[in-house]
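Engineer: Starting from the given sequences, assemble the full structure and let the hints guide the process.
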Amino acid sequence: MSDYAVELIEVTKTFPTGKAEEIAAVDRVSLSIKPGEFFSLLGPSGCGKTTTLRMIAGFELPTRGEIRIHGESMGETPPYHRRVNTVFQNYALFPHMTVYGNVAFGLEMDRLPKPEIRERVSEALGLVRLPGMEDRRPKQLSGGQQQRVALARALVKRPAVLLLDEPLGALDLKLRKAMQIELKHIQHEVGITFIYVTHDQEEALTMSDRIAVMSEGQVLQLGTAAEIYESPASRFVADFIGETNFLDGEVESIRDGQATVLVDDALRLTAPSGAPDIKIGQTVTFTVRPEKISLHSGPTDRAVSGKIEEVVYIGTDTRYLVRVSEGSRLVARLQNAGSEDQAGFQQAEKVYLTWDPDVARILTK
Amino acid sequence: MRLWQNCSPRGRISARAEHRSRGPLIVVPAAIWLLLFFTLPLLIVVAISFAERGRAGGVKLPLVLTLEYYQRLVDPLYLGIFWSSVRLALIVTLACVLIGYPMALFISRVAPRRRNAMLLLVMIPFWTNFLVRTYALKLLLSAEGVVNNLLLGAGLVQAPLDLLFNNFAVVLGLVYGYFPFAVLPMYASIEKFDLTLVEAAADLGADLRRAFLRVMLPLTAPGIIASVILVFVPVVGAFITPDIMGGGKVEMIGTLINRQFGVARNWPFGSAMSLALMLMVVVGVIYYLRSSQEKERPL
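Sequences listed follow chains G and D, in order.
For the first sequence, counting from 1, position 357 maps to 357 in the working numbering; every step adds exactly one.
Remember, the working numbering sits 1000 above the position in the second sequence when you count from 1.
Accuracy of the hints is not assured; some may be wrong.
Stated by the list, open to error - What follows is a set of in silico ranges between Cβ atoms, one per label pair, in the way DEER data are often shown:
1) G:Glu76 - D:Leu1152: 20 to 30 Å
2) D:Val1147 - G:Asn90: 20 to 30 Å
3) D:Met1118 - G:Pro78: 22 to 32 Å
4) D:Asn1116 - G:Asn90: 20 to 30 Å
5) D:Leu1152 - G:Gly46: 55 to 65 Å
6) G:Glu309 - D:Val1110: 55 to 65 Å
7) G:Arg137 - D:Phe1038: 36 to 46 Å
Stated by the list, open to error - Among the chain D residues that face chain G by a calculated CB cut under 7 Å, a handful are:
8) Glu1068
9) Thr1196
10) Glu1199
11) Asp1203
12) Leu1204
13) Gly1205
14) Ala1206
15) Leu1213
16) Val1215
17) Pro1218
18) Leu1219
19) Pro1222
20) Ala1226
I should point out that these hints are in silico values taken from the structure, not numbers from a laboratory.
Predicted model, so just to flag it, every value in this text is computed and none were measured.
Every residue gets a Cβ at the ideal spot worked out from N, C-alpha and C, and that includes glycine.
Structural biologist: Below is the structure:
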């Protein structure tokens, strides 16, 4: 028995393009997913996350590489012999069957005795809070209810791993938020490994134990939500997850683990040098998240001065666009903790920006 | 102001009421057509079937009512021909569905541009006259035809095969002639079918066979039902194909009826047989539709 629920070893999937050069939808992806983990594959559309999921389910076979489920190499094992179940993007409920028929289908395929099927179906429908809906048809249900049926249909098989392909994509925002919490809750209850595909970074951050950020078939970064948000490994990851500031510059000096970046003639910014391979003179990107920046009306130690160009009130926060040098601007986000008339800074006001130097990052990719 | 008045609910309702009263007018041409060329001839056929036959065809005048020709229908000879026609039509229908379903599935899976080209290819035979096509098929299968020459040339057979003037030839001709009627409705059904559902079934533990039987087949059944009706109904009463491909050796209801109005000069018997066939088809189709609808609704 392996320590991992699912392992992907150098998995590559290419699709025939009709041309000589082939394009890899998934390019040498290696992942080790622990039992009971809520694992997300996050990336923009076309990044290979769905193809990766489909290979784990068995709908596609890897061109190269190996997939193991609980230590067992899958090879060409067809989907119906894998102990994984999928919640499909558009639910893929059987329209000619009732809710009961849909949920019971997988158990009937296993040729379980009728009383046991009945018991497990009602248990599964209870878990997704849909009792009493057995005789309805999928068409008679709302989107959220269909989603729950799809979930019950997959969970009733008690799979080793549950695969979810953007299951909340078709729901409206409020319902999506509620379902996020509920999915997480259900996962706790059943203790099954969840592999969750989404392009919604907020969804991934909220629910996941670990996230793999994918782009163009490759895993760019793998880590917990906090690791990926606080220490993005590349400009793509920093940009894809949340809002951030990017300033391009040249490394001027490295001292005591702190690198100073010369953005333009007047602007020098410091951040932990991080990766050991940073060299003086190298072109890098300096990044700091808007909510890490504080604004002051008077000069303080190590502050960067600037002039407010734009003030945008967005309810919980106010967003300030500050010009810090001729060609550089930083966005700062301040929480609206006080009452309305305590509103912070005005347009065209001169301000001083500070942040903990340890929260800034230098990106080389 | 005038615009507003026109749009007032009251204005709209009266306009709609006007529409409703005029609505039935649009079916008048069709109603006249059906009355003249369907209902009336049908009534004439009913009348003839109860009349005495005339010596040179037609009916004996003045009309004498008789049930003689209906009584003759239950003669084992004619019942046998009825039964063999039904059996032949069932074989043809089954063959059309079995060949047509995979073909419809294939067409629905290719790129949309090629899909239309393929559908066109299915329909192209309709552009030539049915008789011409059937004679062409006959030429292909004859003792000196292309098929036998190829088989002889390849050394697969020593003497030409008897491919014509038997049930096989009739079935082949009918399958060929009615195949497009089977493909098109099934294509319409399969094209709408979401293949993700087969993946979902496989995901839940169904192998291909069970995924097909439990999910794809019931959901594409409406197309199959339409195909079955569109093929079976004309085939069971067909007379040109059995006549040409059977060479007088294969008797079907259609050829039998045709003969009553031709050489046999027995119009009343032909009419009685036509009505019996019609009744059988109508009852059969209604029963078939009823039972297949029930099957579509499992618990």
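Engineer: Does each hint fit the structure? Answer for all of them.
Structural biologist: Hints versus structure:
In this structure the supplied range 20 to 30 Å is violated for G:Glu76 paired with D:Leu1152, their Cβ-Cβ distance being about 46 Å. The hinted range of 20 to 30 Å is not satisfied by D:Val1147 and G:Asn90, whose Cβ atoms lie roughly 49 Å apart. Evaluation of the 22 to 32 Å hint for D:Met1118 and G:Pro78 yields a pass: the beta carbon distance comes to about 29 Å. For the pair D:Asn1116 and G:Asn90, the supplied restraint of 20 to 30 Å holds, since their beta-carbon distance comes to about 26 Å.
Between D:Leu1152 and G:Gly46 the CB atoms are about 58 Å apart, so this pair conforms to the stated range of 55 to 65 Å. G:Glu309 and D:Val1110 have their C-beta atoms about 56 Å apart, which keeps the hinted 55 to 65 Å range intact. Between G:Arg137 and D:Phe1038 the C-beta distance comes to about 39 Å, which sits within the given range of 36 to 46 Å. For D:Glu1068, the interface hint is violated, since its Cβ never comes within 7 Å of a Cβ in chain G; the closest pair sits about 51 Å apart.
At a threshold of 7 Å, the smallest CB-CB gap from D:Thr1196 to chain G is about 5 Å, leaving the interface hint in force. Interface restraint check: D:Glu1199 against chain G, minimum CB-CB distance 6 Å, threshold 7 Å, status holds. The interface hint given for D:Asp1203 holds, since its Cβ lies 5 Å from the closest Cβ of chain G, which is under the 7 Å cut-off. Because the closest C-beta pair between D:Leu1204 and chain G is about 4 Å apart, less than 7 Å, the hint holds.
Against a cut-off of 7 Å between C-beta atoms, the interface hint on D:Gly1205 holds, since the closest Cβ of chain G lies about 4 Å away. The interface hint given for D:Ala1206 holds, since its Cβ lies 5 Å from the closest Cβ of chain G, which is under the 7 Å cut-off. Interface hint at D:Leu1213: violated, since its Cβ lies 11 Å from the closest Cβ of chain G, which is beyond the 7 Å cut-off. For D:Val1215, the interface hint holds, the least distance from its beta-carbon to any beta-carbon of chain G being 6 Å, beneath 7 Å.
Nearest Cβ of chain G to the Cβ of D:Pro1218: about 5 Å, under the 7 Å cut. The hint holds. Against a cut-off of 7 Å between C-beta atoms, the interface hint on D:Leu1219 holds, since the closest Cβ of chain G lies about 6 Å away. Using the Cβ-Cβ criterion of 7 Å, the hint placing D:Pro1222 at the interface with chain G is not satisfied: the shortest such distance is roughly 11 Å. Taken as an interface hint, D:Ala1226 does not check out: its beta carbon lies about 17 Å from the nearest beta carbon of chain G, beyond 7 Å.
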